[in-house]
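Participant: Given next are the chains, with one letter for each unit.
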Amino acid sequence: MGYPVRALGVLVAVIALFLVAKWVAGPAYLGLFDTDRSQNVELWASKPLQYADVDRECASCHGERVETWQKAAHQNVSCESCHGPAESHLSSGVSLAIEEPAELCIRCHAALASRPVSQPQVNVEEHAGPIACTACHNPHQPSLAGPPTVPHSLEGREGWCTVCHGATGVKPFPEDHAGRTSGVCLTCHQSPGYVSPISTPTGPSVEPTQPAGPPIIPHSLEGRSECTACHGLTGFKPFPADHAGRTKEVCLACHNQQ
Amino acid sequence: MDFTRRGFIKGVLGGVLGLAVLPALLKAPGLYLRRASAAPTIDLADGGGGERHWGFVVDASRCIGCGLCVQACKRENNVVMEPEYNRTWVERYVYTEEGEVFVDSPEAGIEGFANAPANLKYAGLDIDKSHFVPKLCNQCENPPCVQVCPVGATYKTEDGVVLVDQEHCIGCRYCIQACPYGARYLVPSGGVTPMGYSKVVDKCTWCYHRITKGLRPACVEVCPVGARLFGDLHDPESPVAVALRDHPPAVLKPALGTKPRVYYLGIDTEVR
Amino acid sequence: MEGFIYPNEAEVAWSVNIVIYTYITGLVAGAFVISSLYHVFGIRSLRPVARFSLIASLAFLMVAPLPLLFHAGHPERAAVNMLFTPNLTSAMAAFGFIWFGYLVLVIAEVLLVFRRDMVSYAKSSKGVLRWLYLALLLGIENPSEESFAANERVIRVLALLGIPGAMVLHGYVGFIFGAVKAMAWWSTPLMPVIFLLSAIVSGIALIMVLYTLLSILRGKGVDHPTVISLSRWLLGFLALDLTLEALEVVSMAYEGEESWEMISQLITRVIPVSYLGIQLGMGTLLPLVVLGVMAARGLKGRLSSTLASLSGFLVLVGVLAMRWNVIIGGQLLSKSLRGFTSYIPPLLGMEGLLISAVLLALPFAILGVSLYLLPPWLVEVAPEEERPAFRAIPGVRRGGLARQGVRFGR
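Chains as they are written, first to last, in this note's numbering: chain A, 120 to 377; chain B, 253 to 524; chain C, 1018 to 1427.
Bound-form chain A, shown alone (with noise of 0.2 Å):
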C-alpha cells in the first residue's frame, strides 16, 4: 500500500475515533442537523414560578385587605411589587411581611427630576422629617393625600376634636390613635402634603376614599326641631346604621347647617 493511501487510512481512523467518542461520550440529543428545539422549549417552559399569579392567589385568604387595597390608590401596584415573590408563602407560609415600609415607599415616592410629574412624590425630608411613611399613610389605602384632611369648618370646634372623634365620641378615631389629645389632631390631618391628580395611567380615576364629611343639612330647621322624626333608623330618610342610639341633640353638633 502506497504512502497516500495509508495516510488517508490514518485520517479516515482519526475521523472515526472521533465519532465513536462523540457517540460515547457525547449529548444523546446532539445530531448532525439537531434544530429540535421542543425539548429546550420544554425546559425553560416549566421552570418554577417565584412570582405567582396573584390576581387569583391573594385574595383567596387576605380578601379583606384585597378589596381595600382595590379601590385604593395602589390598586395598580401589584402585591408582589413590595411584598415580594409570592409563591414561596403560598407553597410553605414564608411570611411576606415588609420589615422597612419606609424603604419601598422612598423607591417611588421620593422627589426626583426624572419622575413624570403624574407620580406623586415629596421631598422625604421636607413632608415628613423622621417620621415613618407608614405612620400617616396606611400602604393598602394610602389614600389621596394622606390622612383625611378635616372637611368642617374649625369655627366653634377649637381644641375640641375628641369631642365627636374621641374613643368613645359620635364619629370616633380609630384604635391606634387611643390616647392622642385634641392638641396633636392637626399636625397630621391638614399638614403641608403633595396633592397630586391622581390619574392611574391603566385604571379608571380612584374614587376618594375619605369622606366628603358630613353632609349640610340642606333645609331650614323651622318648625323642625325633631331630626329623628325623619331621620331616624326607621324613619322615611333614614340615618347610616352607624348613627343608632344618637339623639336629636348630637345631630347639630357635626351636620352645619347650610
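Just so you know, the hints here were simulated from the structure itself, not pulled from any lab data. Honestly, I wouldn't trust all of these hints.
[What the hints assert, rightly or not] Beyond 10 Å from chain C on every Cβ pair, some chain B residues (computed): (1) E350; (2) Y374; (3) K451; (4) P501.
[Claimed, not checked] List time: in silico PhoX-like cross-link candidates among lysine-lysine, alpha-carbon distance up to 25 Å: (5) A:K356 with A:K290; (6) A:K141 with B:K451; (7) A:K166 with B:K465; (8) A:K166 with B:K451.
Ideal placement from N, C-alpha and C gives every residue a C-beta, glycine not left out.
Put chains B and C on the given structure of chain A with help from the hints.
Facilitator: Relative to the frame of chain A, chains B and C by itself:
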C-alpha cells in the same frame, strides 16, 4: 314647469347617482384616513406560524425609576445580584439646558434612583428634562445573536421569544458581542442558572415559564405604573395592542435591521 | 469606566486569550505563505527558510485552539458541539472544520517535504526515535524514487491549496469581527483583508526574526540575502497592510457616522499608546521607513539584515498590539456610544496573563522539539554520513539529507 317623462327619468337617475356618489365623497377622506391608520406602523408579520405573537411595550413616559422590575426579574430568574449581570435594567436620561445629555444606570437601577450616589452629579446642572428608560432583550425578529452562535445554542421560538439552550452553549460569548443592545451576559462561576449551569450565556426570556401559563413577565407584574406592558399582538384587546393602536412606537437602533419586538413609547433619538 | 455603558458591558466578554488566538493563527497563515512562495512560485531566495517556515507554521497551528479552549465557558462541549451541530450562519462555526482541515494539510505537507530526511533518520536512529520516524513514514522504510517524484507533485498541490487555506484560516477570523454590526470599531468589510494582511506580515516577521536568532544560536551565521529577501516581502505586505488600516480609519473619519465621535476618542484618548504609539508608530511606520530606505538604497549585507531583523521584531510587537487594539479596544467602546469601559487582564486564572504567556511560549517549545526531530536546514552533505542517535543541540550535528544534496544558500 314642463314635466316631461325624459326630464323625470333624468332627474331620478341624477338623484340616485348623486345619492350614490355622495357617501363615497363623504367617505373618501375617511377612506384615506383609515388607510393611513390601517397601515401598520409596526411590522406585524407572523413570526413563524405560531398562534401567539408576543409583544412588549415600554412606555418610558410612565417609568418612575423605582427599579422594582430589575429586582423582580433577578428574583424570578435566579440571576446573580451583582450589577454586571442583568436581564433587564433601567437607564436615566438627563438633558441639560445647554443641550448635553447624561445617561446613567446606577447598579442597573435595582435599588431605584432615589438614593443613588450618582444623583450628586446632577445637583449643579440646569436640567431641562429628564426621564427613565427601562431596557431588556428586544427579542428581535432578525436576531444577530442567533445568527452568530457557532453551535446554534440560541434560537427563536415560534411565539417570538429568543431562548438559549444552556445545555448546548459552549460559552464562547460571540452572541454577547453581536447583540447591539447589551442584553446578554455570561453567567459567572458563582451564579447558577435555573438549568443548573454557569459559564453559559443567559438573557431575558420574557419569563417564558410565566407567559406560557398565561401570566405576565415578572417585571411587567410588579411595575406599579404600567410602564411595561406585555401581551399577544394578535389579540386586539391585549394591553400591547391597545397601547400601540394610537401611539406609533419607536424601536431601538432600527437602522441595524434587527427588527426588535420591544416597542418603545416616549423616547427620542438620544435613546439607543 | 467613564461615561455611560450598558450595565452588562462592565465585564469585557472577549479577553486577552482571544488576542493570543488571533495572533497565533495569524502567524500560522503568514509562515505558511512564506513556505508556499517557494514551493509554489519557486522564489529561490526564500528556499533556505521554506522548510523552516513550514515547521513553524505547524507548531503554531497545533497551539491555535488552546486559547479558545481556555476562554470558552464549556470547553468540553466546544469541540463536539461545533463539529456536530455547527450553525451554518456563524463564521465562528467554521473554526473547527477550517482548523482541522488545515492541520491535515500542513501535516501532510510536512510529512512529504521531510520524507527523505525521515527515511535517513529512521535508518540511523535507535529505539523510540526510530519508531517515531517509522510511524511518521507510515511504515514505508524505503520509498522508491518514483514515490518521491510523485510526492513532489502532491507537495506543490498542497502548497497551492494551502494559500487559500491560509487566507480562509485568517480571513474568517477577520470576518468574525468585521461582520458584527453591533460593534462600531469592528464592523467593516475590510476587516478580513486587514486581518489577513497583518497575519502575513506577522508571519514573515516571525520567520525573519527566528531565522536570524536560530542561525546565530546554531553558530552557522546568518544568510543575509535570505533575510534581505524576506524583508522585501515584509516591506511590500506591510505597505499594503498600512494602506488598508489607514483607509478604514480615514473612511470612518470622512463619513462621520454617529460612532466616529466616540471612535476618535477611543484611538486618541483611551488606547493612544497601544494604537498610535505601538501599532502604528513603532510597529508599522518605523519598520516601513527602515525597510523602505534599505530597499531604495539597495542595501545588503550584515548591517541591513540586522536592521531588517530588528524591524521584524518591531512588526511582531506591532501586530500583537493591533490584535489587542481591535479586540479589546472594540469592546472598550460602549454600544450605547456614550462611554468606555475598562479592561485589565488578571494575572492568574484561565484568562490571565500567565496563561497567555504560556500559550505564546508553547509554540516555540514545540518548534524547538520539531527542530530537533526534523531539522529543516539545508546543509552541505557528504553522502553516507553517519548520524548519531542522540543529539544534544539541535542543528549542530551534521547530517540530515537535504533534498538532492543541495548546497546551503546561494
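Participant: Checking against the hints above, which ones are violated?
Facilitator: Structure breaks hint 3 only.
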